[in-house]
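Asker: Sequence:
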Amino acid sequence: MKDKEVKSLERKDKTEVEEKEQEQEPAGIEEIDPSTDEGNPSFTDSDAGHTLEEGEVHSLQVQLEEERKKAEDYYQKYLRSQADFDNFRKRMMKEREELTKYGVKPLLEKLLPAVDNLERAIQSAKTEEDGNLESFIQGVEMVYRQIMDAMRAEGAVPLESVGKPFDPYFHQAIMLVETGEEKGIVVEEFQKGYMLKDKLIRPAMVKVSS
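In numbering that gives the first Met the number 0, the protein residues as written are 0 to 209.
Derived by calculation from the structure, the hints in this document are not laboratory data. Don't be surprised by glycine CBs; every beta carbon is placed ideally from N, CA and C. Take the hints with a grain of salt, since some may be wrong.
Claimed, not checked - Restraint-style ranges between C-beta atoms, simulated for each label pair:
(1) Leu132 - Arg201: 46 to 56 Å
(2) Ile121 - Arg201: 26 to 36 Å
(3) Asn86 - Asp115: 54 to 64 Å
(4) Gln171 - Glu140: 48 to 58 Å
What the hints assert, rightly or not - In silico SDA-like links for lysine to any residue, alpha-carbon gap of 25 Å or less:
(5) Lys163 - Pro112
(6) Lys198 - Glu180
(7) Lys68 - Lys89
(8) Lys182 - Met150
(9) Lys198 - Leu132
(10) Lys69 - Lys89
(11) Lys198 - Gln171
(12) Lys163 - Met147
(13) Lys198 - Ile136
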């Protein structure tokens, strides 16, 4: 009998404690289940990472396309530069070939009038009955002056050798002669030497005192 009364009292005390705890809980606060809240769609960490990854991929694709366009632009510029260089090289080769082939053209243009005058002088000497030698000589001298003027215009000038000391660079001794004068002096010139600006074209053939 006593046991039953004790158990009944324990149940009564437990019930009273539970009722007091329920009364102490704040009113209006309910436990929210995130998975069933219709007003707040679920958004997990995995979804955030997935969205960020897609944005990065798009950004990289845009950058890749920009770099591809730049590379294509650089490549086209390279092709144009290469073509310009090839054209320049071909033009230089052609001009060099023409210079080698036709380099004497300016000199010939200056010599042709002298050749024309020489032909006229020869023809005139042949047709004159009295054979006027003086006129022929004058014509030849005129041609000679024209030729020398043309050569000087190109920078070619004759060496002045007679009376100068013998120089093996500028002179080629053909004969030695005793003259009673100072030794090693050019006393006669058989063939003129010529300079082209500062370069020797050919040495003079000379007679030198011994």
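Asker: Which hint numbers does the structure go against, in order from smallest to largest?
Answerer: Violated hints: 1, 3, 4, 5, 6, 7, 8, 9, 10, 13; rest satisfied.
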